[in-house]
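Peer 1: The residues making up each chain are set out below.
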Amino acid sequence: MIIEMREFTRVEGNGKAEIVIEDGEVKDVRLQIIEGPRFFELLTLGRHYYDVPDLEARICAICYLSHSVASVIGIERAFGVEVPEEITLLRELGLIGEFLESHSLHLYLLVAPDVFGYPDAIRMATKHGELVKEGLALKAFGNRLRVMVGGREIHGINVKPGGFGRYPTVEELEEIERESEVLLRLARRAVRLFAQLDPYGAKAKHFVATDGYLWGKKLISDEPGEFHYTERIEERSLVYSFAKQSRYKGEAFFVGALPRLLLKSEMLTPTARRLFEEHREKLETGYVSYNNLAQAIELVYSLERANEIAKTLLDRGIEGENVPVEPREGEGIGYVEAPRGLLIHHYRIDNSGNIAYSNIITPTALNHAMIEASLLKEARELYGEVDEGRMIGRLEETVRAFDPCISCSVHLVKL
Amino acid sequence: MMEELKLGVFELTDCGGCALNILFLYEKLFDLLEFYEITEFHMATSLSEGNHYDVALVTGTVSTQRDLNLLKEARNHSEYLIALGTCATHGSVQGSVELPIREKLKAVYGDGGNPMRALDSKPVVEYVAVDFALPGCPYDKEEVYQVLMDIAKGIEPVRKDYPVCLECKLNEYECVLVKRGLPCLGPITYGGCKAVCVRSGLGCIGCRGPLPGEVNPASEYEILKSLGYDDEYIIRKFKTFARWEP
Ligand code: SF4
Ligand code: SF4
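For the record, the sequence lines run as chains A and B. Residue 1 is where the first sequence starts when you use our numbering, and the numbers rise one by one after that. Residue 1 is where the second sequence starts when you use our numbering, and the numbers rise one by one after that.
Hints listed in this document are in silico derivations from the structure and should not be mistaken for laboratory results. It is possible that some hints are incorrect.
[To be verified] No more than 30 Å apart at the CA atoms, straight line, and that leaves these computed lysine-lysine pairs for DSS-like:
id, chain 1, residue 1, chain 2, residue 2
1, A, K16, B, K225
2, A, K217, A, K311
3, B, K72, A, K133
4, B, K194, A, K160
5, B, K239, A, K160
6, B, K179, B, K194
7, B, K122, A, K16
8, A, K127, B, K225
9, A, K133, B, K153
10, B, K169, A, K133
11, B, K153, A, K160
12, A, K160, B, K72
13, B, K194, A, K16
14, A, K16, A, K311
15, A, K160, B, K225
[What the hints assert, rightly or not] One-sided and incomplete, this derived list gives chain B residues near chain A with beta-carbon spacing under 7 Å:
id, residue
16, G17
17, L47
18, N51
19, Y80
20, P100
21, K104
22, L166
23, L170
24, V196
25, S200
26, G213
Being a predicted model, the structure only gives us computed values, none of them experimental. Cβ atoms here follow ideal geometry from the backbone N, Cα and C, with glycine treated the same way.
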């Protein structure tokens, strides 16, 4: 017998799951990504590098800047271009905006209704209006950073190889400095709220992240050594899903806020670090549901870091100079931490600056096996114990804990 | 108070941006909720209670059988259907990958392809009649607000019919095509975005789709050629957001 879950709600994109029951027991779970493939790697093949980050942004709206930045970094590495601190700080500021926008959307509008027992945030707002407003305030601030650095709230084209179209003004940075301080109080409250959630889903065995907090030259995991993704991560096609599934040395693994905290807590800002220590024991159990708590701690990190960066830039002043980019034959990988976890953009470029090979692996594809493992564990525990509706509700919450972004998981290609 | 209109948001294959942009309306979303009740919007709510919609917003391209079924359901059960965003109106970026679907699947999933049924990505306007087409990748959120308010008040919304260039002039942005030689599609692209990319000093990439009518793609082509861009580059640029037209 197969229990079909209907299409997931309060997640981005179209997906569902099937629970396979045999002899009265849960035998298997299949996560089906039914969103159609969008063929981004094919779209970028043969195109001039300069236009590529703008196209890649369209992979996903919630984290478009992560895609632009990963794309830009991949291209710059292929050409051997190094950019100065001013440009990296501004990119970081943009990515922080994306963390704020994405995490607050997820926590306040998509997860909080589960906590309070509502079908959505709009209906929750009648009783918990303050909370919804706080979430929207954080989200709006995140989006302001995305507009400032990225050019628009969604799919801006301001981030370019070698720099930006437009640089922020002193007034804009002053506003960022001020507001990030004011909003910190809300983020701390979010940590308290999401610390109350129960543990559910599987316990992750392996974690993978970039070696810097928001991007890196290489990857790290719970095992020693730095590595390139091709050394330990493998993708394979599934017959029941448009998304491919990745494995770390053959096993399911976890990317996202919780893995970032566990692997890189020493890089956190002071208050975020303190909150991490306070909840360390819980987080270290590795239950995927604590990803929500980890995201709340990252809200605190993001605001503190935005404040630091704005201060630094204001102190040193903005020069607004782009680095010249000369195309040459080369290969480069951009590793970025999207809000939902590791994102990989890998390119080979020919000497006229056109893309000859491209491979993109997104967080939801990396987490695909881990989501299945979590659903399996949860279904085994609940099947026969509670009624089917309850079980399915909890399974949906389990999927949601990953904050999956389905649109972006379906255009992976190995050429 | 008058009866609330039932609003459904249906998401086909896309980046999620056009659905997300509705949530980015913030307070204005609550203004809209004075007139509308959202009865289908799976990114935002677990409720799904509609079988009749006064207004249906459909985002994305038809890229699977599921998309097509959902689109037909939305059309059959709605009074006023809006194709929302360049995916829905022109096919957007996924619609511009010009290869037969079989070959695309093979390139992604290997020799066996993928046993799940995929269709060549096409905009919703290719499959059903729409009552209004609002392009933009994504559309400007003020625009969708205006359109929904108009409908609520019984006014037929008006479609913009001027190029991005006009908005540059209104905002006094320096022309990046003439002054800096950047490949800008502003002259041949639907306005309505407030020329936001030119504000960043960058050329318009045409994300709102090609403006039909009096505009002159041939002269745009000549300008870009004279600036030194080669044929293939120009053609690819023209076609990125523009394989179909509503
Ligand atoms: S039109 Fe653009 S923003 Fe809208 S769903 Fe399609 S790709 Fe996303
Ligand atoms: S300027 Fe062009 S590319 Fe930018 S938002 Fe407007 S139509 Fe889209």
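Peer 1: If a hint holds in the structure, say so; if it does not, say that too.
Peer 2: Hint check results:
Our distance criterion of 30 Å between C-alpha atoms is broken by A:K16 and B:K225, whose separation comes to about 48 Å. As the CA atoms of A:K217 and A:K311 are separated by approximately 26 Å, the hinted pair is consistent with the 30 Å bound. For the suggested pair B:K72 and A:K133, the alpha carbons sit about 36 Å apart, so the restraint of at most 30 Å is broken. The hinted pair formed by B:K194 and A:K160 meets the criterion: a straight-line CA distance of about 21 Å does not exceed 30 Å.
The hinted pair formed by B:K239 and A:K160 meets the criterion: a straight-line CA distance of about 21 Å does not exceed 30 Å. Only pairs whose Cα atoms come within 30 Å are accepted, and B:K179 paired with B:K194 is accepted, the gap being roughly 19 Å. Distance hint between B:K122 and A:K16 is fulfilled; the C-alpha atoms sit about 23 Å from each other, no more than 30 Å. At most 30 Å may separate the alpha-carbon atoms for a hinted pair to count; A:K127 and B:K225 exceed this at roughly 60 Å.
Proximity of A:K133 to B:K153 is assessed by CA-CA distance (about 28 Å); at most 30 Å being required, the pair is judged to hold. Note on B:K169 and A:K133: the hinted pairing is violated, with a Cα-Cα distance of about 37 Å set against a maximum of 30 Å. With a CA separation close to 43 Å, the supplied pair B:K153 and A:K160 exceeds the 30 Å bound. Annotation: proposed proximity of A:K160 to B:K72 is violated, straight-line Cα distance about 40 Å (limit 30 Å).
With a C-alpha separation of about 38 Å, the suggested pair B:K194 and A:K16 falls outside the 30 Å cut-off, and the hint is violated. Proposed proximity of A:K16 and A:K311 is contradicted: the alpha carbons are some 45 Å apart, above 30 Å. Straight-line distance between C-alpha atoms of A:K160 and B:K225 comes to about 23 Å, which keeps the hinted pair within the 30 Å bound. At a threshold of 7 Å, the smallest CB-CB gap from B:G17 to chain A is about 3 Å, leaving the interface hint in force.
Evaluation of the B:L47 hint against chain A yields a held restraint, the C-beta minimum of about 4 Å falling below 7 Å. With 7 Å as the threshold, the beta carbon of B:N51 stays out of range of chain A, its nearest partner Cβ sitting at about 16 Å, so the hint is violated. Hint on B:Y80 is violated. Least Cβ distance to chain A is approximately 21 Å, over the 7 Å limit. With its C-beta approaching chain A no nearer than about 12 Å, B:P100 sits outside the 7 Å limit, and its interface hint is violated.
Residue-level restraint check for B:K104 holds (minimum Cβ-Cβ distance to chain A is 5 Å; threshold 7 Å). Hint status for B:L166: violated, given a least beta-carbon distance of 19 Å to chain A, over 7 Å. Below 7 Å, beta-carbon pairs count as interface contacts, and B:L170 has none with chain A, the closest being about 18 Å; its hint is therefore violated. The beta carbon of B:V196 comes within 5 Å of a beta carbon in chain A, closer than 7 Å, and the hint placing it at the interface holds.
Hint status for B:S200 relative to chain A: holds, with the closest Cβ pair at about 4 Å, below 7 Å. Taking 7 Å as the C-beta contact cut-off toward chain A, the hint placing B:G213 at the interface is violated, the least distance being around 26 Å.
The structure is inconsistent with the numbered hints 1, 3, 8, 10, 11, 12, 13, 14, 18, 19, 20, 22, 23, 26, although it conforms to all the rest.
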